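2 protein chains.
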Amino acid sequence: MKKHNFYAGPSRLSDYALQATSEAINDFAGTGISLLSISHRTPEFQDVMDSSAELVKELLNVPEGYSVLFLQGGASLQFAMVPLNLLDKSATYINTGVWATGAIAEAKCYGEVVELATSKDKNFSYIPKGWESKVDPATSYVHITTNNTIYGTQYKSDPNVPALLVADMSSDIFSRPIDISKYALIYAGAQKNVGAAGVTLVIVRDDVLGKVDRVIPKILKYQTHIDKGSMYNTPPTMAVYTCLKTMERYKQLGGVEVMHQRANAKAQLLYDEIDRNPMFKGTAAVEDRSNMNICFVMNDEYKDKEALFNDFVKARNILGVKGHRLVGGFRASIYNAQREESVQALITAMQDFEKRHI
Amino acid sequence: MKKHNFYAGPSRLSDYALQATSEAINDFAGTGISLLSISHRTPEFQDVMDSSAELVKELLNVPEGYSVLFLQGGASLQFAMVPLNLLDKSATYINTGVWATGAIAEAKCYGEVVELATSKDKNFSYIPKGWESKVDPATSYVHITTNNTIYGTQYKSDPNVPALLVADMSSDIFSRPIDISKYALIYAGAQKNVGAAGVTLVIVRDDVLGKVDRVIPKILKYQTHIDKGSMYNTPPTMAVYTCLKTMERYKQLGGVEVMHQRANAKAQLLYDEIDRNPMFKGTAAVEDRSNMNICFVMNDEYKDKEALFNDFVKARNILGVKGHRLVGGFRASIYNAQREESVQALITAMQDFEKRHI
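Protein chains in written order, with numbering that gives the first Met the number 0: chain A, 0 to 357; chain B, 0 to 357.
One should not assume that every hint holds.
Unchecked claim - Result set (DSS-like, lysine-lysine): computed pairs, CA atoms no more than 25 Å apart in a straight line:
(1) A:Lys121 to A:Lys302
(2) A:Lys313 to A:Lys1
(3) B:Lys2 to B:Lys220
(4) A:Lys220 to B:Lys107
(5) B:Lys88 to A:Lys220
(6) B:Lys313 to A:Lys217
(7) A:Lys321 to A:Lys354
(8) B:Lys2 to B:Lys210
(9) B:Lys227 to A:Lys107
(10) B:Lys88 to B:Lys280
(11) A:Lys220 to B:Lys313
(12) B:Lys107 to A:Lys210
(13) B:Lys250 to B:Lys210
(14) B:Lys88 to A:Lys107
(15) A:Lys88 to B:Lys107
(16) A:Lys220 to A:Lys181
(17) A:Lys107 to B:Lys304
(18) B:Lys217 to A:Lys217
(19) A:Lys217 to B:Lys304
(20) B:Lys107 to A:Lys227
(21) B:Lys227 to A:Lys321
(22) B:Lys280 to B:Lys250
(23) A:Lys227 to B:Lys321
(24) A:Lys220 to B:Lys217
(25) B:Lys250 to B:Lys217
(26) A:Lys107 to B:Lys220
No lab work stands behind these hints, which were simulated from the structure alone. These numbers come from a predicted model, not from an experiment.
Using the sequences and the hints, build the whole thing.
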């Protein structure tokens with residue numbers, strides 16, 4: 000029975016990437032050896048690592064002067080590595096939810112944090128506006144979280160700031176064209192739009208490194224990984240391979256522009272139903288609604304039917320739509336690999352539920 | 000054509016673990032969803048994580064009061080996390096090669112390092128002896144590397160020290176019974192004897208944590224990961240699964256005692272041939288020879304035939320036996336999953352090469 004997978008991450012990957020990975024575990028690149036059993040020092044795996052970095056550069060139009068890295072530790076390790084490598088005296092953070100809050104907490108281990116704007120007053124249901132002009136140009140960097148998985152909010156454009164811009168793009172990278180030249184550093188846990196859990200994509204402007212006066216262990220220095228082409232230590236070989244295959248599929252389909260059109264279209268379908276259906280309402284400010292994580296709850300008069308709806312969709316093989324406890328209700332995660340067919344299945348379920356209960 | 004895989008890591012894994020992983024990428028635990036696409040918050044994945052920790056405890060007889068963690072970043076991140084979490088003023092390191100040297104360098108970021116013993120004088124070809132009694136009981140901990148992949152040396156027993164003992168067991172954990180109670184902390188990159196690259200096993204005695212007076216980012220605190228059962232952030236789900244299946248296989252075969260007997264037997268076969276064959280000689284001190292990485296070179300009069308022998312074995316589908324550049328010659332890595340059949344194939348090649356050239 001086909002499942003409709005709406006998990007927030009790890010989440011649906013393309014059949015192309017899954018099949019290629021499964022096959023490589025049996026025989027990697029015609030070597031007669033499993034991808035899980037082959038040395039990362041073989042030319043065959045070196046090619047995977049090099050091709051992955053090249054494909055990131057191609058898909059995102061990464062300009063000269065940037066390095067692309069595949070690291071371990073998830074976005075959560077980046078919360079610490081960013082300030083460790085870049086924070087001199089003080090850094091600026093825009094707080095848009097749990098993950099931004101986590102990044103702020105780690106930065107405070109290394110210096111002062113200016114929380115210049117936050118949407119905490121309304122349970123992070125919107126993206127703060129108008130803060131760019133208030134950034135102190137002396138700040139080490141400005142940190143944003145471009146998509147907020149839990150609350151379903153998303154920046155729709157790249158901010159203009161008079162300082163280095165750092166972004167956690169874990170849940171929306173590759174879903175819209177971005178102007179990389181506006182960023183000093185971008186990081187993204189792979190398990191949503193990059194590939195498999197266990198690897199983190201980092202894009203860093205080389206000239207921003209090496210400026211802080213702090214002892215940093217080698218493993219936590221970006222420069223170490225740049226110098227060694229993401230092979231300072233054994234990389235998570237399988238996870239990198241799945242990233243390569245995931246990105247290959249994006250290229251086959253037409254690249255990030257096409258991903259953006261698809262994301263807009265899929266999200267619009269679901270938001271239209273949420274806005275139309277009298278039983279449901281969206282939780283995020285309309286102008287900040289995420290294309291990746293669509294959060295909705297039941298209108299007050301139907302609030303008691305949330306558990307019922309959850310069982311109702313599960314019976315239709317629609318999985319992972321229970322909302323995060325901090326928002327409640329429902330969350331449909333529709334990253335790049337999500338099928339329109341699954342979005343339609345959810346919409347049909349909402350309509351059928353409406354017919355049954357109104 | 001069957002390959003004989005002697006890579007030093009990532010290295011051969013059991014057919015059982017590979018097949019289970021490949022299948023789970025198609026359909027994980029009967030969920031109808033790929034292991035790579037399922038949320039780590041599902042009961043099915045929670046069971047993988049819990050079972051993996053339980054199996055480590057069972058296989059290694061881990062006493063009460065220890066936690067078992069599956070983290071990211073490899074042993075190289077442990078080089079930094081250990082001193083970050085445990086080093087007060089000064090720590091003691093035994094230097095047995097490149098990896099121990101790397102661990103020492105990271106520890107120096109956080110305090111003083113006493114390099115109490117080293118085998119550097121003879122290119123790390125032996126394990127230093129007699130240093131236990133010289134350990135300062137006031138030291139924060141004593142750090143050893145139980146198996147030295149590059150040089151083919153291995154501690155044959157657990158040292159007795161009047162301080163906390165920390166061990167990097169990346170390349171020989173599960174290959175011999177160990178007395179866990181002698182250790183405060185053990186870590187091991189998974190890609191040799193635990194499972195797939197991208198995850199690190201840590202076994203830590205709970206009561207040694209929280210004693211240092213240092214600001215530590217949450218992600219780098221062992222306590223964070225203990226409190227969250229290795230799910231503080233998204234774990235490398237596939238890699239953990241492969242570890243579970245690798246360990247299940249160890250249990251099926253009879254556990255660590257049986258792994259030890261097999262390791263002894265396989266290593267003995269190869270060392271016997273090295274000692275018998277007039278063309279070759281071992282590089283490690285006989286009493287410290289590793290069961291996992293068997294290093295040998297050609298005797299001086301045949302030194303010019305090393306490249307020839309390398310081609311000779313490659314033509315027989317024997318892969319990965321070129322020695323590390325710091326030792327030269329050859330290295331056969333025969334971790335737990337290595338087949339005796341492959342060891343025999345290498346021995347036959349050595350004998351055939353001898354017949355041809357002597």
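We went through each hint and held it up to the structure:
no. : hint                 : result
1   : A:Lys121 to A:Lys302 : 20 Å, holds
2   : A:Lys313 to A:Lys1   : 12 Å, holds
3   : B:Lys2 to B:Lys220   : 41 Å, violated
4   : A:Lys220 to B:Lys107 : 15 Å, holds
5   : B:Lys88 to A:Lys220  : 23 Å, holds
6   : B:Lys313 to A:Lys217 : 36 Å, violated
7   : A:Lys321 to A:Lys354 : 21 Å, holds
8   : B:Lys2 to B:Lys210   : 49 Å, violated
9   : B:Lys227 to A:Lys107 : 22 Å, holds
10  : B:Lys88 to B:Lys280  : 43 Å, violated
11  : A:Lys220 to B:Lys313 : 38 Å, violated
12  : B:Lys107 to A:Lys210 : 21 Å, holds
13  : B:Lys250 to B:Lys210 : 36 Å, violated
14  : B:Lys88 to A:Lys107  : 24 Å, holds
15  : A:Lys88 to B:Lys107  : 24 Å, holds
16  : A:Lys220 to A:Lys181 : 22 Å, holds
17  : A:Lys107 to B:Lys304 : 59 Å, violated
18  : B:Lys217 to A:Lys217 : 19 Å, holds
19  : A:Lys217 to B:Lys304 : 38 Å, violated
20  : B:Lys107 to A:Lys227 : 22 Å, holds
21  : B:Lys227 to A:Lys321 : 21 Å, holds
22  : B:Lys280 to B:Lys250 : 35 Å, violated
23  : A:Lys227 to B:Lys321 : 21 Å, holds
24  : A:Lys220 to B:Lys217 : 18 Å, holds
25  : B:Lys250 to B:Lys217 : 34 Å, violated
26  : A:Lys107 to B:Lys220 : 15 Å, holds
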